[in-house]
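Participant: Let the sequences and hints guide you as you build the complete structure.
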Amino acid sequence: MNTLLKVDGVHTHIKQYHILQGISFEAIEGQVSVLLGRNGAGKTTTLKTILGLTPASQGRITFRDIDITKKPTHGIANTGIGYVPEDQGIFASLTVEENMKVAMRKEDEATLAKREYILDLFPDLKTFWKKDGGLLSGGQKQMLAMARAFVGNSKLLLIDEPSKGLAPIVIEKVMEAILDMKKHTTIVLVEQNFIMASRIGDTYTLIDNGETVQSGLMQELIHDEQVKRKYLGIG
Amino acid sequence: MELLTNLTINGLATGMLIFLLAAGLTLIFGLMDVLNFAHGGLFAWGAYSSVWFYALTDSFVLAILGAILTGVILGFITEKLIIKPVYGNHVQQILITLGFMLVLTEMLKVVFGPNQIAVRTPENLVGSWEIGDVIIIKYRVFIIIVGFLVFGIFQYILKKTKIGLIVRAGVLNKEMVQTLGINIKNVFLYVFIAGASLAAIGGALFAPYSGVIYAEMGMEYAILGFIVVVIGGMGSFPGSLLAAILVGLVGSYMAYYVPSLSLAVNMIIMAIVLIFRPQGLFRAKG
Amino acid sequence: MTSKYQWNNIFLSIMVIALFIFPFVTDSRTWTILLTQIFIFSILAMSYDILLGYTGIVSFGHAMFFGMGAYTTAVMLDRIEPTIGVFVLSIATGMLITGIISFIVGLLTLRLKSHFFAMLTLALSGLFLVLAEKWRSVTSGNDGFTFRAPEFFKDRMMFYLVVLVCMVVVYFVLRRFVQSPLGHVLVAVRENEQRTKSLGYNTLHYKVIASVVAGVVASLAGSLYAISLRFVNTSVLTMDITLDALLMTIIGGVGTLIGPIIGAGVIELSQHFLSGLAKDYPIFERWIIFFGILYILVVIFFPSGIVGTIRQAFHKRKKQSVGKEEQSNSEEL
Numbered sequence: 001m002n003t004l005l006k007v008d009g010v011h012t013h014i015k016q017y018h019i020l021q022g023i024s025f026e027a028i029e030g031q032v033s034v035l036l037g038r039n040g041a042g043k044t045t046t047l048k049t050i051l052g053l054t055p056a057s058q059g060r061i062t063f064r065d066i067d068i069t070k071k072p073t074h075g076i077a078n079t080g081i082g083y084v085p086e087d088q089g090i091f092a093s094l095t096v097e098e099n100m101k102v103a104m105r106k107e108d109e110a111t112l113a114k115r116e117y118i119l120d121l122f123p124d125l126k127t128f129w130k131k132d133g134g135l136l137s138g139g140q141k142q143m144l145a146m147a148r149a150f151v152g153n154s155k156l157l158l159i160d161e162p163s164k165g166l167a168p169i170v171i172e173k174v175m176e177a178i179l180d181m182k183k184h185t186t187i188v189l190v191e192q193n194f195i196m197a198s199r200i201g202d203t204y205t206l207i208d209n210g211e212t213v214q215s216g217l218m219q220e221l222i223h224d225e226q227v228k229r230k231y232l233g234i235g
Numbered sequence: 001m002e003l004l005t006n007l008t009i010n011g012l013a014t015g016m017l018i019f020l021l022a023a024g025l026t027l028i029f030g031l032m033d034v035l036n037f038a039h040g041g042l043f044a045w046g047a048y049s050s051v052w053f054y055a056l057t058d059s060f061v062l063a064i065l066g067a068i069l070t071g072v073i074l075g076f077i078t079e080k081l082i083i084k085p086v087y088g089n090h091v092q093q094i095l096i097t098l099g100f101m102l103v104l105t106e107m108l109k110v111v112f113g114p115n116q117i118a119v120r121t122p123e124n125l126v127g128s129w130e131i132g133d134v135i136i137i138k139y140r141v142f143i144i145i146v147g148f149l150v151f152g153i154f155q156y157i158l159k160k161t162k163i164g165l166i167v168r169a170g171v172l173n174k175e176m177v178q179t180l181g182i183n184i185k186n187v188f189l190y191v192f193i194a195g196a197s198l199a200a201i202g203g204a205l206f207a208p209y210s211g212v213i214y215a216e217m218g219m220e221y222a223i224l225g226f227i228v229v230v231i232g233g234m235g236s237f238p239g240s241l242l243a244a245i246l247v248g249l250v251g252s253y254m255a256y257y258v259p260s261l262s263l264a265v266n267m268i269i270m271a272i273v274l275i276f277r278p279q280g281l282f283r284a285k286g
Numbered sequence: 001m002t003s004k005y006q007w008n009n010i011f012l013s014i015m016v017i018a019l020f021i022f023p024f025v026t027d028s029r030t031w032t033i034l035l036t037q038i039f040i041f042s043i044l045a046m047s048y049d050i051l052l053g054y055t056g057i058v059s060f061g062h063a064m065f066f067g068m069g070a071y072t073t074a075v076m077l078d079r080i081e082p083t084i085g086v087f088v089l090s091i092a093t094g095m096l097i098t099g100i101i102s103f104i105v106g107l108l109t110l111r112l113k114s115h116f117f118a119m120l121t122l123a124l125s126g127l128f129l130v131l132a133e134k135w136r137s138v139t140s141g142n143d144g145f146t147f148r149a150p151e152f153f154k155d156r157m158m159f160y161l162v163v164l165v166c167m168v169v170v171y172f173v174l175r176r177f178v179q180s181p182l183g184h185v186l187v188a189v190r191e192n193e194q195r196t197k198s199l200g201y202n203t204l205h206y207k208v209i210a211s212v213v214a215g216v217v218a219s220l221a222g223s224l225y226a227i228s229l230r231f232v233n234t235s236v237l238t239m240d241i242t243l244d245a246l247l248m249t250i251i252g253g254v255g256t257l258i259g260p261i262i263g264a265g266v267i268e269l270s271q272h273f274l275s276g277l278a279k280d281y282p283i284f285e286r287w288i289i290f291f292g293i294l295y296i297l298v299v300i301f302f303p304s305g306i307v308g309t310i311r312q313a314f315h316k317r318k319k320q321s322v323g324k325e326e327q328s329n330s331e332e333l
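So the sequences go chain by chain: A, B and C.
Take 1 as the starting number for the first sequence in my numbering and just add one per residue.
Take 1 as the starting number for the second sequence in my numbering and just add one per residue.
Take 1 as the starting number for the third sequence in my numbering and just add one per residue.
Simulated from the structure, these hints should not be mistaken for lab results.
Treat the numbers as computed from the prediction; the structure is a model and nothing was measured.
Virtual Cβ for every residue (Gly too), placed ideally from N, Cα, C.
Keep in mind that a hint or two might mislead.
[Said to hold, decoys possible] Not the full set, but computed from the structure, chain A residues with beta-carbon under 10 Å of chain B: (1) Leu-53; (2) Ser-57; (3) Pro-72; (4) Gly-89; (5) Arg-105; (6) Gly-152.
[Claimed, not checked] FRET-style restraints, in silico, Cβ to Cβ: (7) A:Glu-97 with B:Arg-277: 13 to 21 Å; (8) B:Phe-282 with C:Met-158: 56 to 64 Å; (9) B:Ser-210 with A:Asp-132: 28 to 36 Å.
[What the hints assert, rightly or not] Mimicking PhoX-like on lysine-lysine, the simulated pairs with C-alpha atoms at most 25 Å apart in a straight line are: (10) A:Lys-15 with A:Lys-106; (11) B:Lys-160 with A:Lys-114; (12) A:Lys-130 with B:Lys-159.
Facilitator: Next up, the structure:
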């Protein structure tokens, strides 16, 4: 039970707005940690702050015992964090192959093996290997984004709302893939779809108004109707 | 027939020179979102330094290498001192690069004197070929070949190498490239230096072509470069080649048939493109 | 807000009074001409400030409007008769023409983002320059033509006073304009066009209004400029004029109105003295280098120019003396 990522009392300002006002949670190696909360609660900003895209103005973020709070984005990525943004960030006029290649730091055997593994997980990507990223379907883009983050930095993946805008059948696929990837990497997931979150999450962190409300085991949350109603509007 | 051939070759040659200038502009814009109004200054410095190196070494190859060296140095200085402090602020970028353009132009006059300088064509490129009754000037063909060569090399780098891939990805989404562990600031610097060197090569080739060089040529050709970038679509490398050839040919034909309206015609093309198709003629939407 | 303009008022009153007295105490022709020139460029720079400082757009086509004013006045005085009446009429005509043209140009160009807008204005002003060179029957092309100024202006001092009055009037009119609700919307556009749009303002309309106001005032400057030279050629339409206006505005301080006046003074005076120095030190023939460097330093380190920087210093001191915690200004810059 190693703590891989530790976010401790993080605040973030974007221009004059105080978006994050105290976020704390930990990601345990080999687990899926889910960030839950209403729209606009600060989940996406939390991921962006971990990556240094919207740097923290206060607090501390450590990854594998390295303080990454003040590092530039590319430096943070190079310590072993991969990112799958909400809009997937696919390079539209680059082929699937090229999209993957941008992320691959080296082309050694280990990396190529990783690529093999992830392509087996998402056979669609193999089919459209030479096709432009922009021409893929929504689900395929999601898979490409996840695959790309995985081949680059597989120690921790930050995935932002992978189920957004996808058909139930595709969500099922993505979910299974995440569960499979969990064997090889640690995942922090932002997810609005509670059914999905509860099925794949090991732990959860509840965020409201830019603050951590509570954290715990997903199993406990599933039965806590009061919290679910109050913060997630369900149950 | 002879006239048409000559006008076409002339137009192509001019087009290639503008392309060398515009290629850097368009890459810098596409990747860094910076419109470099000092780019013409790099072109003029390329011309002056090549003439200086040529006088020194009597070798045109060394003269071009000298121009590239100048481009690299000036590109490095420009990116570090002028562009870097104002990333992300369009108004300041326009203002500061314009100011730097003034400095570059005036510095030319300080270093090389305020008067225009006559330039001779390198000996092995002097003269012309006669094919039937068509006379083809060697140096113009040389420019066209070099232009296509440079295009080919850069296209290869962009399409086939890792750094080229990163540049293309950066044009599409800078933030994403950074989250994949790439230091985009370094890439910016390389691209800027490459663009500056291209402009310097353009200037070096321009010098014997026009026969005279003068400090203001930078601004004159920069305007053509801007027109090309707009017509070709900002950030599109192949687009800038096509647009440059178009502008060169239009300029060449117009200069013969309706002299001195040629610049106006290009401006009109640019205005129409900007108003009706701001993403450029040769660039797909989105 | 009020204290800011109080300082301006005191400073301005002293300056204006001094300038009005000036020609009566000295009969230096050089100084009268130089100051007249400064006033004219102050008007031009103030008009540019409406665009750059208050609306946040960089136009490379401002010379277009200056040149139109200059040509209108020159042609009318030359073709009709050199009287005050025609002079006034020519200013009005020039303003009307530039008003219409800047309206059309604004509608066409102001939809574009900053870079594209800058290029398009560059192209359009280039077109007008070519047009003026070709339309020789009216403009005499690059050679230009001389014309007779109204009798009244034969006395340099009279012209000096007229231009000074024009400058003061333009200053107050433009100040009124930027302090009006309309002016506040323009500043909002500069700060964040998207947000202003989402508040329900049609930002294009406001930008067009700003460009018409700037164009019309620039035309006035052009008219006066033509009279001051009693000569006009295509140089009034060149990029150099726009660059001058731009430099003056930036160095003096964008978005202050008073800044452009000071900028015009600084640039014209140093140009005068530096080119005077060139007789002894050839490096000063290239005086523009010093401007280029100064200007780059200003953009990087003092983006608010002379007036803006002084004001910030005042503000800081005031804040400190009140004992408030000093908030960083960096976001505003």
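Participant: If a hint holds in the structure, say so; if it doesn't, say that too.
Facilitator: Going through the hints against the structure:
1. Leu-53: 6 Å, holds
2. Ser-57: 19 Å, violated
3. Pro-72: The hint holds - Pro-72 (chain A) has a Cβ within 10 Å of chain B, the shortest such distance being about 7 Å.
4. Gly-89: OK, holds: Gly-89 (chain A) within 10 Å of chain B, min 4 Å.
5. Arg-105: Cβ of Arg-105 (chain A) sits 6 Å from chain B, so the hint holds.
6. Gly-152: Cβ of Gly-152 (chain A) sits 5 Å from chain B, so the hint holds.
7. A:Glu-97 with B:Arg-277: 13 to 21 Å: 31 Å, violated
8. B:Phe-282 with C:Met-158: 56 to 64 Å: Holds - the Cβ-Cβ distance for Phe-282 (chain B) and Met-158 (chain C), about 58 Å, lies within 56 to 64 Å.
9. B:Ser-210 with A:Asp-132: 28 to 36 Å: 42 Å, violated
10. A:Lys-15 with A:Lys-106: The given pair, whose Cα atoms are some 37 Å apart, is violated under the 25 Å limit.
11. B:Lys-160 with A:Lys-114: The given pair, whose Cα atoms are some 23 Å apart, holds under the 25 Å limit.
12. A:Lys-130 with B:Lys-159: Answer holds: Lys-130 (chain A) to Lys-159 (chain B) is near 14 Å, not above 25 Å.
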